[in-house]
Amino acid sequence: MTADGGDGPMIALERVCKRFGEATAVDDVSLEIGRGEFFSMLGPSGCGKTTTLRMIAGFEEPTAGRVWLDGDDVTLTSPRHRNVNMVFQDYALFPHMTVAENVGFGLKLKRIPRAERSGRIDEMLAVVRLEGLGGRRPAELSGGQRQRVALARALVNRPAALLLDEPLGALDLKLRREMQLELKRIQKSTGTTFVYVTHDQEEALTMSDRIAVMDGGRVEQLADPKTLYEQPQTAFVADFIGTSNALRVSVDRREGRHAIVEPAPGFRIVVPADCPVGGELQVSVRPEKISMLAGHGHGANGHEGSRIEGVAVERVYLGSVSQTVVELPDGDRLAVHELNDDDVSEVAPGDPVTLLWATRHSLVVADALGARP
Amino acid sequence: MAGAAASPAGIRAPRPSGAVDDLPPPVRRSFGHRIRARLPGLAGGMLVAFVMLVLFGPVLMLALFSFNDSSIISLPWEGFTTKWYEEAWANGQARDAVTNSLIVATIVMVLSVVLGTMAAWGLTRLRFRGRGLIAGLNGSVLVVPWLIIGVAGLIFFSQIQVQLSLETIALMHLVVTFPLVVAIVSAGLVRFQRSLEEAAIDLGATQVQMLRYVVLPQIGPSIAAASIFAFAWSFNNFEISFFTGGFEQTFPVWVFSILRQSENLPVVNAVSTVIAAAQIVAVFAGWALMKRLSRSGEDENLTGLLTGGTR
Numbered sequence: 001m002t003a004d005g006g007d008g009p010m011i012a013l014e015r016v017c018k019r020f021g022e023a024t025a026v027d028d029v030s031l032e033i034g035r036g037e038f039f040s041m042l043g044p045s046g047c048g049k050t051t052t053l054r055m056i057a058g059f060e061e062p063t064a065g066r067v068w069l070d071g072d073d074v075t076l077t078s079p080r081h082r083n084v085n086m087v088f089q090d091y092a093l094f095p096h097m098t099v100a101e102n103v104g105f106g107l108k109l110k111r112i113p114r115a116e117r118s119g120r121i122d123e124m125l126a127v128v129r130l131e132g133l134g135g136r137r138p139a140e141l142s143g144g145q146r147q148r149v150a151l152a153r154a155l156v157n158r159p160a161a162l163l164l165d166e167p168l169g170a171l172d173l174k175l176r177r178e179m180q181l182e183l184k185r186i187q188k189s190t191g192t193t194f195v196y197v198t199h200d201q202e203e204a205l206t207m208s209d210r211i212a213v214m215d216g217g218r219v220e221q222l223a224d225p226k227t228l229y230e231q232p233q234t235a236f237v238a239d240f241i242g243t244s245n246a247l248r249v250s251v252d253r254r255e256g257r258h259a260i261v262e263p264a265p266g267f268r269i270v271v272p273a274d275c276p277v278g279g280e281l282q283v284s285v286r287p288e289k290i291s292m293l294a295g296h297g298h299g300a301n302g303h304e305g306s307r308i309e310g311v312a313v314e315r316v317y318l319g320s321v322s323q324t325v326v327e328l329p330d331g332d333r334l335a336v337h338e339l340n341d342d343d344v345s346e347v348a349p350g351d352p353v354t355l356l357w358a359t360r361h362s363l364v365v366a367d368a369l370g371a372r373p
Numbered sequence: 001m002a003g004a005a006a007s008p009a010g011i012r013a014p015r016p017s018g019a020v021d022d023l024p025p026p027v028r029r030s031f032g033h034r035i036r037a038r039l040p041g042l043a044g045g046m047l048v049a050f051v052m053l054v055l056f057g058p059v060l061m062l063a064l065f066s067f068n069d070s071s072i073i074s075l076p077w078e079g080f081t082t083k084w085y086e087e088a089w090a091n092g093q094a095r096d097a098v099t100n101s102l103i104v105a106t107i108v109m110v111l112s113v114v115l116g117t118m119a120a121w122g123l124t125r126l127r128f129r130g131r132g133l134i135a136g137l138n139g140s141v142l143v144v145p146w147l148i149i150g151v152a153g154l155i156f157f158s159q160i161q162v163q164l165s166l167e168t169i170a171l172m173h174l175v176v177t178f179p180l181v182v183a184i185v186s187a188g189l190v191r192f193q194r195s196l197e198e199a200a201i202d203l204g205a206t207q208v209q210m211l212r213y214v215v216l217p218q219i220g221p222s223i224a225a226a227s228i229f230a231f232a233w234s235f236n237n238f239e240i241s242f243f244t245g246g247f248e249q250t251f252p253v254w255v256f257s258i259l260r261q262s263e264n265l266p267v268v269n270a271v272s273t274v275i276a277a278a279q280i281v282a283v284f285a286g287w288a289l290m291k292r293l294s295r296s297g298e299d300e301n302l303t304g305l306l307t308g309g310t311r
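Going line by line, the protein sequences match chains P and G. In case it helps, the numbering used here puts the first sequence at residues 1 to 373. In case it helps, the numbering used here puts the second sequence at residues 1 to 311.
Check before you lean on any hint, since a few could be wrong.
A short, non-exhaustive set of chain G residues, derived as facing chain P with CB atoms under 8 angstroms [as the list claims (entries may be wrong)]:
no., residue
1, G136
2, V214
3, Q218
Here are some chain G residues the structure puts well away from chain P; computed CB gaps all over 10 angstroms [to be verified]:
no., residue
4, P26
5, V27
6, L62
7, W146
8, P217
9, P252
10, A288
11, M290
Hints are computed from structural coordinates only; laboratory data are not their basis. Built from N, CA and C at the ideal position, the CB exists for glycine as well.
Use the sequences and the hints to build the structure in full.
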């Protein structure tokens, strides 16, 4: 269903900027989105993700830079002449039209003959599982059903790419989870390129082939979900995707290819980084990569990786995991996640604990200023 | 309350499905309690009846006395007659005045709805310098007394030496109905979701197609309401017509001119009854039409129509 069989990227942004008066919404963004890819732009509100999407759709004109669609420069092309369609956050269904009329609106404007039109409408209603509801009005549908109509109305035009602006934001959690899987299924079955904007990291991780994490109008990191989670490159990404523990440390000595931070006995962090003695590092550790043992003194001899003795200060039950907040001798705090299986520890606030983690789980991230060691 | 005591919260024996015998019986409330529960409804009904009486009482009195066989508007009832209606029908001045009003009101309605809708579109959709000022000035005309607008019109037309006529009446009516249309249609446009316009463009619509297929069907109730009000304001207007009409008479001006002779009162009653009835019927007909045309699937009501649609 993708347009012609070219093999370049479906969408390319080349040094795109967008300023509204003094404010810079999008700051020098370049990225390429492949054919049939499920691509997400993830970030907090105001990070420029929606503006970027609207520049791809044609509703905003870039202040600088170029937008390429299927090999053509569409930077100044009006939205109605771009072969992309948008699913709006509030669905934007036409309330005075039936579901079928909504879905067929684009085809009617393209003067597709009535017979072919109704065939394509029925086919698309089947894809989004709304068979038999063509005669209803949007007001007579549930939130999830309206969402499907909005999808069908866009997809029926066989766009080169489908642009989705936080389409699940108005749905409750359970329905949102269902629709995430449904979106992925529809994307696979139609082979359409999806560009998805969201602030929900779980949503992005569930569905996307690749994710661009954005902040302050810039792309912080562009990678597949696993890489983003396992190897965040900046403190922002480490913090925005999942829970992270950020520590600012200075290197005391080197052992082979590792930097060792050891300000006191019972406080040792091993970082796989090429950093000279005295250098400063920003290190992030995922809470579930840390193993926690009750009492001090564990692994004092023979443990290869990081090892810190601290005191539990807080313990919260989170369902599948328990979170313990541990205070380190220098006052920093680390969150530790333990799976709530039969072996879960019975640590209570005030208990001394030892934290251990393997060297490869000490992630070096750029600090807030973007400087990397 | 007794029900709550009978089934302690939290402790509930497992019940075989279908057996409801062990549920506590429903508590029958006392007669006094039921009366008290319905009192607010009764009071509300009485209030509505009172308001309706105040609103429609005078008009009903007028209609009633138009059938009274006496030239004095007071009781006792002298007997039923339709002679005032026959007299009114035969009265050439009355017919001319009503015809004049119909023509002026129709022209004013069409012009103010077309111009006012365009202006409302501009004020709500385009960004330009002085937009707030223009919107404010537009609204302020709505609170200037019609008497002052009438006098101002008279002075204006005499200064530029234009002969007073039905045209000058229509022009000055436009001065007050245009801002009204702008206000009503703007309210409809502001409620209208902007993303619907973008969705239409995104699906390949031109600006004209977007207006035709998406915007107009949505703001239809607002435009219908604006039309009704523009027509009624022009048709009913006395002050402006009185000062800017010269020798031409609209219906309200004619009523005023012949009221000075009391023997004409029943004729005025008769004509006024017909006019009021026609206007009420027109509003209901407009509502019924809107209900048929609008296929939004939502509940339409008369208030919705008069306020420009509640959607």
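Legend entry - Separation of G/P26 from chain P, once the least beta-carbon distance is taken, above 10 angstroms: holds (33 angstroms)
Inset, instruction - Identify whether the interface hint at G/Q218 stands, where standing means a beta carbon of chain P within less than 8 angstroms of its own. - result: holds (6 angstroms)
Inset, instruction - Take a quick look at G/W146 and tell me if its Cβ sits farther than 10 angstroms from every Cβ on chain P, holds or violated. - result: holds (37 angstroms)
Legend entry - Status of G/L62, Cβ more than 10 angstroms from any chain P Cβ: At about 41 angstroms from chain P, G/L62 clears the 10 angstroms cut-off, so the statement holds.
Legend entry - Least C-beta distance between G/V27 and chain P, which was stated to exceed 10 angstroms: It holds; G/V27 is separated from chain P by about 36 angstroms at its closest Cβ, greater than 10 angstroms.
Legend entry - Minimum Cβ distance from G/A288 to chain P greater than 10 angstroms, as the annotation requires: The claim holds: G/A288 sits with its nearest Cβ about 18 angstroms from chain P, beyond 10 angstroms.
Legend entry - Hint validity - G/V214 Cβ closer than 8 angstroms to any chain P Cβ: holds (6 angstroms)
Inset, instruction - Identify whether the interface hint at G/G136 stands, where standing means a beta carbon of chain P within less than 8 angstroms of its own. - result: This hint is violated: G/G136 lies away from chain P, its Cβ roughly 24 angstroms from the closest one there, beyond 8 angstroms.
Inset, instruction - Run the C-beta distances from G/P252 to all of chain P and say if the shortest one exceeds 10 angstroms. - result: holds (38 angstroms)
Inset, instruction - May I ask you to check that G/P217 keeps its beta-carbon over 10 angstroms from the closest beta-carbon of chain P? - result: About 4 angstroms separates G/P217 from the closest Cβ of chain P, which leaves it inside 10 angstroms; violated.
Legend entry - Outside-interface status for G/M290 - nearest CB in chain P farther than 10 angstroms: holds (12 angstroms)
Consistency with the previously given hints fails for numbers 1, 8, ordered from lowest to highest.
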